Structure formats: structure tokens, C-alpha cells
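Novice: What follows is each chain in one-letter form.
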Amino acid sequence: MAFSTLASKNNNQQRTGSRRLTWLALLALCMLPLSPANALADAFRIDHAETTLESGVYHLNAEVSYRFSDDALEALRNGVPLTIQLDIQVFHHRWWWWDKDVASLVQRYQLQYHALTKRYIVRNLNSGGQHSYSTLGSALHALGDIEQLPILDKNLLAADTTYTVRARVHLDIESLPAPLRPLAYISSGWRLGSEWYTWPLQR
Amino acid sequence: MAITTLRRIFSGKTPVLLLLVLLLASLYLMSGATHNSALFSRLYSVLLGINALAIVLLVTLIGKHMYRLVRQYRQHVAGSRLTARLVIMFIVLAVTPVSVVYYFSLDFLQRGIDSWFDVRVEKALDDSLELSRTSLDVRMRELLRQTRQMTPELANTPDSMAALALNDIRTDSDATELTLFSANGRIIASSGTDTSSIVPARPDDATMLQLRQGSDYVGLDPIRDSGLHVRVAVRVPSPNPVGEARVLQALYPVTERMNTLANSVQAAYAQYKELAYLRKPLKYSFILTLSLVLLLSLLTAVWAAFFSARRLVAPITDLAEGTRAVAAGNYDKRLPLPGKDELGFLVRSFNEMTHKIALARDAAARSQEQAEAQHAYLEAVLVRLSSGVLTIDRDRVLHTSNRAADQILGVELGEFVGRSLDEVRSEHPHTRHFIDAITPHVSDGEQEWRDEIILFGAGGRQVLMCRGTRLPDVAGIRAGHVLVFDDITALIQAQRDAAWGEVARRLAHEIKNPLTPIQLSAERLRHKYLGKMNAKDADVLDRSTHTIVQQVEAMKEMVKAFSDYARMPQLDLEPIDLNAVINEVLDLYRGDRAVKYLVNLDAKMPRVEGDIGRLRQLLHNLIKNALEAMESRGDARLSVTTRCMEEASCRFVEIRVQDNGPGIPSEMLGQLFEPYVTTKPKGTGLGLAIVKKIVEEHGGLLWAENPNTGGALVVIRLPVLTSNSVDAEEDLTVALVNHKGNDDAAA
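Protein chains in written order, with my numbering: chain A, 1 to 203; chain B, 1001 to 1747.
It is possible that part of the hints are untrue.
Stated by the list, open to error - Short derived list, chain A residues pointing at chain B, Cβ under 10 Å:
hint	residue
1	101
2	104
3	112
4	117
5	129
6	131
7	138
8	142
9	184
10	189
11	200
12	202
As the list claims (entries may be wrong) - Here are some chain A residues the structure puts well away from chain B; computed CB gaps all over 12 Å:
hint	residue
13	56
14	130
15	155
16	156
17	174
If you're looking for bench data, these hints aren't it; they were derived computationally from the structure.
In this text the structure is predicted, and so the values were computed from the model without any measurement.
The beta-carbon is built from N, C-alpha and C at its ideal position, and this holds for glycine as well.
So that you can see chain A by itself, here it is in the shape it has in the complex:
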């Protein structure tokens, strides 16, 4: 009797377990397009990145090359602003537990075509500063040239620990006009982004 009860309980647990797994899988499938990690890895690339310590603050210098897809370029030329997001994370690797995030920073840039002046405007959404460029190339170059971006105060770091920095850029689909979003989520032409670029924090 006891045995059979146990067996059925086990069976039940197994069944609930498998059901839970199915739900999780379903949820993951739904979330898949939302995840930036799934972005088309080759479109954007961080060519180089480094951190420098200047007067107690770590600064980021990076070079990013952008290669937009035709869909994105067409939208840009039709006046749709494209938002590019730069994620920067400083973390401390721990072998016995999950990595500890020390700082994470999100920089957002907007690229827009100005029809009247036929210029490309690059806007830093964090600082509000904007510059216009006569060609897309120079706009992208300016966009990709990140200089002396302050990311972290030195005092926040422990002296005897090694830290790792990583960064990536991707097109923010959620900032696109609503009608474009469903399409953007399922079309590969819109999933633009780079892999994580990781390097140790220079002390």
C-alpha cells in the first residue's frame, strides 16, 4: 500500500515536473524575441574597448563599427529614428557563486535622418547632446567613437579584487514605432547587435 502511494506520488511529481518544464519552455519561447542576446551578432561589432583611470574615475574608450541592415537603413531614410543601446557592466567573477555586478551602465544613442537639411543627427539620449552629420558614414563613425565615457568611481572597487568589464551594443527594438515592433521581433533584419566584448579592468 505504502509502496503504491509512494509510487503514485513520484509519478505525480514527475508529471507536475514535466508540466512545469513545458510551461517554462513555452514561456522561454515567448520571451525569445525579447532577448537582445539573440540579436544578429555580426551587424555591430565592438572593435576595441579599454578603460582608463583618470583622476579617480574609470573612463571607457571604445570603437564600434555599425553595419545596418537594408531594412533598418530604409526605415532610417524614411524618418524612423533608430535607437542604439550600449550596455556596460563591471563585475567581479566569483567561482563559487554567480558573478557580482559592481556597476552597470546603459547608454542610449539615437540616429535620425533630417529630411530638410539632408543630415543625419546623432543624439545622446542620456546627456541630450546632439550633432548632425552630412553623411551616414560620418554619423556612424561619430556614433562608434566613444571617448572618455565615465563609468565608475574608483572608490567603489575593492583594492585586492580583479574586475572584468564587458560591453555590447544593439538596436533597441522597443524604441521603434509600435507597428514595426512585431515585425522587427520576428525579422532577422531588425535584430542587430554585437556580442559581449569582455576585458579586464585596468588598475
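Following the hints, complete the assembly by docking chain B onto the known chain A.
Specialist: Frame of chain A; chain B shown alone:
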């Protein structure tokens, strides 16, 4: 535990309503989001996801319901067919209008969105943009010329003096900012009205390249917060002849009015352009929203169809199950009331019906119990009755019998219940007389009758007093009879014995008294007149008086025998070795050589308690009787057998006295032991009556029969005293021996 709680929460009505409200809200928000309002715009993707999830959930739920329904349908579960029909009906009712609405909405959507766009509007917007550019171009060319005029002045100014020079030049011009760059883009000096921006914007690489190639730059630059500006960059020759050319960048504001107009044109153009570009995605997203809304509504309707069909059918299923339960005999089933409608009324009626049936069944069960109790009571009474009771029907099939009937008839009548009495008659022939006697009464259908029936069974002759009464037609017995009978053999015997005792006593009393005077008188006559008479007369007198005296003597003997029979002397009981008594009595008869005695005595005879004198008389009477019966035979043979027996938990000794005489005439067999029943020409006829009396005085039993070997057999059974165990016997023997020893010693 948690799963059951969840199940309970998710199976009620509330979550259904909640889900529907949430779905409607999300649909409303999504439709708002499609209109590109800022808040909804942000939620759009999330709402889309939620709705997709809701669809998946609904599809799963519907799939589950569908699977269950199909399975129940195949298993022919009660109510599944009706549920299926209702579900199909509901679905058809829901799908048809939704499909029509969907089709026309799609068409409307396509046409509606397309109607927003017009080629002429587009052309007009293009033209206005071009117009703006042209009007700005004039101004730009003017500003380029102005800026170029500044260069000679600066050309001769060294870098160190440039700031002052720039300031002077700027105050004289419309420029809001003047900046002098070196060839590699380094700022040499700057002057601006806006003091807030410390670092002036550097010309981009393309402009620098253009300048390096020798052509000046003029262009419009939308600057944040301050609107459109004209940016002019011209080369400034170096004061140093070998030095590289420098670059002067000037920013001129566009007039306020111009700025507003240009911005308006730009905004309208950009919006229209974006909208035109988004035409297809917009259509898709509208269609998506519409499809989602309709799909959700449809799925909800389908789900609701299952839900409501089940709710509708549930009481019917309950009723079907309830009916089945009632058919199976379960009347305690109560159905849940579905509501106050007609179905509720039906269910309530059903519940009332089953309740009443249950009451009726309980009442029936109670009365059956009572009947059974009564039956058991009657049975108990019947069992304890000393009278035999039988019930039979008109066809003489036995229905009831009691134990007394078994004992009286000597048949296990229980085996014959439900069978005809004829079977009893053929299997137990001794009941023949009984059954033959009652048959005419039963078949005549007499209301009440009495009859005395004589039965010859293993226990000898039995007289039964049988009373019959006709029963009313009840309990499946048609024209039945109840027979009550008693074995009155002993009663009759006792009456007869008492009557004879009385006769004997009277005889003794009435006859004995005159006999002595008669005898005395006869003797006196003889004495007085015998000597005086002549020889002839004397001879007559002598013979006459002799006869008188002799006959009176015989009469006295007879009267004495009668009085012996009538008188019941007190028994002088003592333990007796019966074998010894038999031997002692037989020794008296051994002298007669004409008779052969076969004595077979059981060596293990226990002692019986009895009056030794009476027992001797008993043996004398029996032996004498036998010898008299064999008088005419040459090979007379008398056998006496004793043995100890045990029958029906009763221990007794048996004495069998058998002769080889002519046997007992069958008509006398019944009354052999009664007084004055004799086959002999002489004798009182009291011999065997006395034997019987003695046996009965000792609590014994006797009967006579004619065995197959010939002659007559008398069997006497005397009970062995219960306390007379083997040990007690031995003690007694020892005691007797001691007593004898003492006697010897005294002698």
C-alpha cells in the same frame, strides 16, 4: 496541497470573469497602442505577448476540454452527447458572426489605411520641403559670402590675437558663434553669444576633408534647443606663409519665422514619410490586433461554450446517474440543486421521489423484520411444543413441521419440507398409517376434524390424537391444513393400568370376603355329614365339598394375585448384579430336562438398582410364561441374554428372553402386557401385566415381538444408575466382599 488549492481557485467562476476582464483590458490597451500613443506604445509588445500567452492558454484549455469530451463521447458517458451537441451549436453560433465581422473589418482596414495616403499630398509635401530649402539656400549663399569677407581680416591675425579679432568680427556680423580651427581641427579661438556651451562643435570629418580639398562649406544644422542654424566653414590663409590654412566656422541663426516654418514643414514631411513607410507594418499590426481580438473572443466563446454546455448538462447528467442509482437500488442518492429553473424543479422532484421510495423501502424492510421476528417467535414456540405440528397444503405438500412431530413420527421431517407426504410415506413406511389416515380429511377439505390414529413404528404401537384445521389461503399455501398431534399411547396405557388396578382392588375386596365363609361352611358340612351318610351320598358330598374347597382355594389364589397386582408395595431398592439373579432363578428350572436353556450373559454388566424380590418375580413370570408357551413342543429352547447398551446418551441393561414357541398372535401384540390378555386356557392373565408393572416401577421399558427366527421375544430394558460408574462399582464390590468377610468371621 498547493496544487489542489490552485485547482480550486482556477475552477470557479471568479477566475473566468477575471480572465475575461483582463483580456478585454489588454485588448483595449493594445488597440490604443496601435494608435501610437506614447504610453500604450511602450506597453505594446508586452500586451502582444500577454495576449499571445492568453491565446495559448485558451487553446490549451479548449484542447483539454475537447480531449475530455471526445473521450467521454467514446466511452458513452452520460450527458456527453448532449454536451457535444450544445458545444457544436454554441461554436457555430459564435464563429459565424465573428467570421463575417472579421472579413469585413479586414477589408475596411485595408481600404481605410490606403485612403490615408494620397500622391498629391506626398508631392505637395516634397515641394514644400524643396521650397524651404530653396528659400534657405538664398540666405545660405549670402551668409557664405559674408563669412568669406571675414577671412582677409583674420588671415593676418596670429593665433594669439585671434580671439579678440573674432570677437570684433562677430559683433559686427549676425553670427552667434565664430570659431577658428587649425588645419587638424584644433580650436584656436572661439567667440559666441551663447556662453553656456563652452566647447564649440567641431566640423565633422567630411566637412574638414571638403575644406582641405579647397572648397568652402555651407549647410544647415539643426541644433538642439536653438533651432536651425546655418553652418559656414571657410578656409583662412595662415599669417605665416609656410603655415597651413586655418578654418573659420561660423554659425548663423535662421530667422524666427523661417525657423518655425521650416520646422513645421520638416515635421509634417517626416511624419508623413514615416507613416507612408509604416503603411504596411501598420496594416499588419492592425490586422494582428484585430485577429488577436477576434481570436481571443472566439476562443473565449468556444471555451465559454464548453463551460456553459457542461453547466447546462450537469443536472441532466446528475439525473441520469441518479436514475441509474435508483434502478440499482440506491435510494439515498440526493442530487445537487442546479437552480430555480425547470431543471431545478425536475431535480427537486427527483430528490423527493427517491426520498419517498427510500421511506417506503425502509417501511417494507421494517415490516419484513417484524414478520421475520414473528416467524422466529412462532418457530420457537413450535419447537418447544410437545405436540407435533405439521402444515400441509391441499396437495399434501409439507410446509412446516416441528421437532415434536419428528420425534413422534420418528422421521426427520425437515428434509421433506416442500415435498409431498407421499415421499415421506414411501421412504418411511411406518408412517403409512398416519398419512393414510389424514389424507381423506385433507382432500375432503374438512374445516375441523379429530381422529385417533394408530401407528406401528420402531418404538412399537403408538396411538396418536390428531386434530386438523383448515387454513385460510395465505402465504402461498392453498387450502392448507394445520395438523396437531400428540402421542397419547402412554396416557391411554396409564388410564388402562389405573382402571385395571381399580378392578383388581375391588375384586380383592368384594370377592375375598365371602370366600372364607364359603370355604369354612363347605368344610363344616363335610365334617358334620360325611360320617353320617351312606357311602353313596357320602361320596357325592365328599366330591362336592372337595370341589367347593378346591375352587375357593383357587379363587383365593386368584384374588391374591389380583390384590398383589393392585397393591403397590414399596420398592426396596439396592444395587443388584442382574446376572447373579438370573442364574439363581434359572437354577430352579434347570431340573426340567425337556427344556434346553441357552444363557448368554454379558460379563461387563453394570449393577442396576432394584428390588431383588420383584425382579425375581419378574424373571419367574417371564420364564414360566415361556415354558407354558412351549409345553407342547419336544425341542423346547429358552434363551436368556443380557447386555449393557448405550443409546441416545442413555445407558441401560437389556434382558432378552426368547422361546421357540408358537409366537404371539399379531392381534394381541399391542395388549400383551395388559391384565387378562392371555392365550392360555388357564391362568390369571396377570403374569405379563405384573412383569410390565415391575419394569415400569424400575423406570424401565419392555416390549414383545415375534422375531424372524420364530417364537416370541420379550425385551426388557432397565436403566443403569448414572452414578453407577465403573469406579463406584468396584468400590461396591470391595465393600460387599468385606461385608462377606465380616460375616464369615462372625460365623
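Novice: It remains to establish, for every hint, whether it holds in the given structure.
Specialist: Each hint tested on the structure:
{"no.": "1", "hint": "101", "verdict": "25 Å, violated"}
{"no.": "2", "hint": "104", "verdict": "21 Å, violated"}
{"no.": "3", "hint": "112", "verdict": "9 Å, holds"}
{"no.": "4", "hint": "117", "verdict": "4 Å, holds"}
{"no.": "5", "hint": "129", "verdict": "7 Å, holds"}
{"no.": "6", "hint": "131", "verdict": "6 Å, holds"}
{"no.": "7", "hint": "138", "verdict": "5 Å, holds"}
{"no.": "8", "hint": "142", "verdict": "7 Å, holds"}
{"no.": "9", "hint": "184", "verdict": "9 Å, holds"}
{"no.": "10", "hint": "189", "verdict": "12 Å, violated"}
{"no.": "11", "hint": "200", "verdict": "32 Å, violated"}
{"no.": "12", "hint": "202", "verdict": "27 Å, violated"}
{"no.": "13", "hint": "56", "verdict": "23 Å, holds"}
{"no.": "14", "hint": "130", "verdict": "5 Å, violated"}
{"no.": "15", "hint": "155", "verdict": "28 Å, holds"}
{"no.": "16", "hint": "156", "verdict": "28 Å, holds"}
{"no.": "17", "hint": "174", "verdict": "6 Å, violated"}
Going down the numbered hints, you'll see the structure goes against 1, 2, 10, 11, 12, 14 and 17, while the others check out.
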